[in-house]
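Got chain U; can you put chain V on it based on the hints?
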Amino acid sequence: MKKSLWNLYVWQLKDVILASLIAVLFAVVCYATVHSVVFAVTPLVTPFGFGDIAIEFVFGIFFFSAIFSPYIMQKPGVATVVGTLTGLIQILMGSAFSSTVLVSALVQGLSAEAVFAMFRYRKFNWFTMLLAALACTVGSFVLAWYRGLWTDLDPGFVATRFIIRAVSALLISGIAAKFLADRLAKAGVLKSYPLGAKYKGEPDES
Amino acid sequence: MSDFLFRINPFYKFTFLVVFATVITFIHSFWMNVWVFGACIFLLLTGTRPAQHIKALKILIPVTVFAVSLFFSGLFFGGGATGPFGGISTASTQSGMNMATRFYSFVGIGLLISLTTDPYALVKSLRTHAKLPRKFAYGMLAAIHLLPHMKTEYQNARLAFRVRGVPVGPLSLKPIFAMLVNAFRWSEMLSIAMISRGFYE
Chain U
1 MKKSLWNLYV
11 WQLKDVILAS
21 LIAVLFAVVC
31 YATVHSVVFA
41 VTPLVTPFGF
51 GDIAIEFVFG
61 IFFFSAIFSP
71 YIMQKPGVAT
81 VVGTLTGLIQ
91 ILMGSAFSST
101 VLVSALVQGL
111 SAEAVFAMFR
121 YRKFNWFTML
131 LAALACTVGS
141 FVLAWYRGLW
151 TDLDPGFVAT
161 RFIIRAVSAL
171 LISGIAAKFL
181 ADRLAKAGVL
191 KSYPLGAKYK
201 GEPDES
Chain V
1 MSDFLFRINP
11 FYKFTFLVVF
21 ATVITFIHSF
31 WMNVWVFGAC
41 IFLLLTGTRP
51 AQHIKALKIL
61 IPVTVFAVSL
71 FFSGLFFGGG
81 ATGPFGGIST
91 ASTQSGMNMA
101 TRFYSFVGIG
111 LLISLTTDPY
121 ALVKSLRTHA
131 KLPRKFAYGM
141 LAAIHLLPHM
151 KTEYQNARLA
161 FRVRGVPVGP
171 LSLKPIFAML
181 VNAFRWSEML
191 SIAMISRGFY
201 E
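Taken in sequence, the protein lines are chains U and V.
For the first sequence, position 101 matches number 101 in the working numbering, and the numbering has no gaps at all.
For the second sequence, position 52 matches number 52 in the working numbering, and the numbering has no gaps at all.
Okay, chain U solo, but in the shape it has when bound (with noise of 0.2 angstroms):
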């Protein structure tokens, strides 16, 4: 038996355990922004035709569990398992939108999946973290441009809500989710995951 390999596919409790952790903390960091921004800002924007776009200021926050967590613990499925479980945590919590979300962190899962399977699970950079953010921002477009019958609204508005999409995605989901793993791992929380490996032996930081 090839023992890396087989270590690289294999779910541990204390994978399984992180893996939801961050699902349940990022289900009630989306539950809290999907509710506030959509009931809050929403209304005072509303009369100009923009109510919609609010939202995508901060999409970039759905993404963050599903491109957070392969950065961590780098193997295979994590991706799609931490996206779909933030969304069934949210269906759990009593969200609003439980009839969709589920399916919307499927695919945005999947999308941050594709990325980092392309690179068969051994690049971890700067590139490929805004390349699966780029994907999970695409992924989700689509997937909303059906459900939400953009197909016939005007074509510069939806081109608009794409870019704003786009950067708010790159900056939370690529760049922050990188920032913030980076430190944890140097913080002394990670080494027995492939990110805080290097930092094996060192004593803590904090």
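Be careful, since some hints might not be right.
[Unchecked claim] Distance condition first, Cα-Cα at most 25 angstroms in a straight line; then the derived SDA-like pairs of lysine to any residue:
| no. | chain 1 | residue 1 | chain 2 | residue 2 |
| --- | --- | --- | --- | --- |
| 1 | V | Lys58 | V | Gly79 |
| 2 | U | Lys14 | V | Phe136 |
| 3 | V | Lys124 | V | Glu188 |
| 4 | U | Lys14 | V | Glu188 |
[What the hints assert, rightly or not] In silico negatives: residues of chain U with every beta carbon more than 12 angstroms from chain V:
| no. | residue |
| --- | --- |
| 5 | Met118 |
| 6 | Tyr121 |
| 7 | Val138 |
[What the hints assert, rightly or not] Partner residues are not named here, just some residues of chain U that face chain V (Cβ under 7 angstroms, in silico):
| no. | residue |
| --- | --- |
| 8 | Val10 |
| 9 | Ser20 |
| 10 | Ser36 |
| 11 | Phe39 |
| 12 | Gly51 |
| 13 | Asp52 |
| 14 | Leu92 |
| 15 | Gly94 |
| 16 | Ser99 |
| 17 | Asp154 |
| 18 | Lys198 |
No lab work stands behind these hints, which were simulated from the structure alone.
The structure displayed is predicted, hence computed values, not measured ones.
For each residue, glycine too, the CB sits at the ideal point set by N, CA and C.
Then chain V, alone, in the frame of chain U:
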């Protein structure tokens, strides 16, 4: 007044409704949206208790605000219209109505899921009926039960920073980071504790 929606197997109800919502994603029809939302409200009224009706109303008020904003998006940018207060036509009104009712139909299905499903029962049902691996079912529950502790930890971290004279605002990142460090540490300790108490996969 009955509560038959609560007695359906949570996993089957959940799967059916999510698949149904996915299927209607690909059907664009105004009347279908109206019928789906009507059916969901009918089921909610007949299949749940009054406490749930009040909850549903509480969710539907902000949802209506959002639906109105979707209507305006369609009115100003749909069906050939290209900007606020310009080029409003029958087609763009139609497009706005379509978008708003569509959102209502999704929310109707969502209400059926979220108001009639007990989280713990759903996880248990996923475990028995969907054959979700044990470690995922219990790992998820463990993580969910960590949430209140993380909240306490966050407050403690804030307090610790303030005692040391570090100014912390409501959105300050330092206490959040301190909380994350501890939460990650707990996740590893928790798995060790679970295994040492006889958890098997």
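These are the hints, each one checked on the structure:
Our distance criterion of 25 angstroms between C-alpha atoms is broken by Lys58(V) and Gly79(V), whose separation comes to about 32 angstroms. For the hint linking Lys14(U) to Phe136(V), the alpha-carbon distance of about 11 angstroms falls within 25 angstroms, and the restraint holds. Using a Cα cut-off of 25 angstroms, the hinted pair Lys124(V) and Glu188(V) holds, with the two alpha carbons roughly 24 angstroms apart. Restraint check for Lys14(U) and Glu188(V): the C-alpha separation of about 6 angstroms stays at or below 25 angstroms, so the hint holds.
Interface exclusion of Met118(U) from chain V stands, the closest Cβ pair being 26 angstroms apart, more than 12 angstroms. With a minimum CB-CB distance of about 20 angstroms to chain V, Tyr121(U) clears the 12 angstroms threshold, and the non-interface call stands. At roughly 17 angstroms, the least C-beta separation between Val138(U) and chain V is larger than 12 angstroms, which holds for a residue marked as non-interface. Interface restraint check: Val10(U) against chain V, minimum CB-CB distance 10 angstroms, threshold 7 angstroms, status violated.
With 7 angstroms as the threshold, the beta carbon of Ser20(U) comes within range of chain V, its nearest partner Cβ sitting at about 4 angstroms, so the hint holds. The interface hint given for Ser36(U) is broken, as the beta carbon of that residue sits about 10 angstroms from the closest beta carbon of chain V, more than 7 angstroms. At its closest, the beta carbon of Phe39(U) sits 4 angstroms from a beta carbon of chain V; the interface hint therefore holds under the 7 angstroms criterion. Taken as an interface hint, Gly51(U) checks out: its beta carbon lies about 3 angstroms from the nearest beta carbon of chain V, inside 7 angstroms.
Annotation: Asp52(U) was flagged as interfacial toward chain V, and the flag holds, the nearest CB pair being 4 angstroms apart, inside 7 angstroms. Checking Leu92(U) against chain V: minimum C-beta separation of about 4 angstroms stays under 7 angstroms; hint holds. The restraint placing Gly94(U) at the interface with chain V holds, with a minimum CB-CB distance near 4 angstroms, inside the 7 angstroms limit. Contact between Ser99(U) and chain V, as hinted, is supported at the beta carbon level, the nearest pair being about 4 angstroms apart and thus within 7 angstroms.
About 4 angstroms separates the beta-carbon of Asp154(U) from the nearest beta-carbon of chain V, less than 7 angstroms, and the hint is met. This hint is violated: Lys198(U) has a C-beta 17 angstroms from the nearest C-beta of chain V, more than the 7 angstroms allowed.
Checked against the numbered hints above, the structure breaks hints 1, 8, 10, 18 and satisfies the rest.
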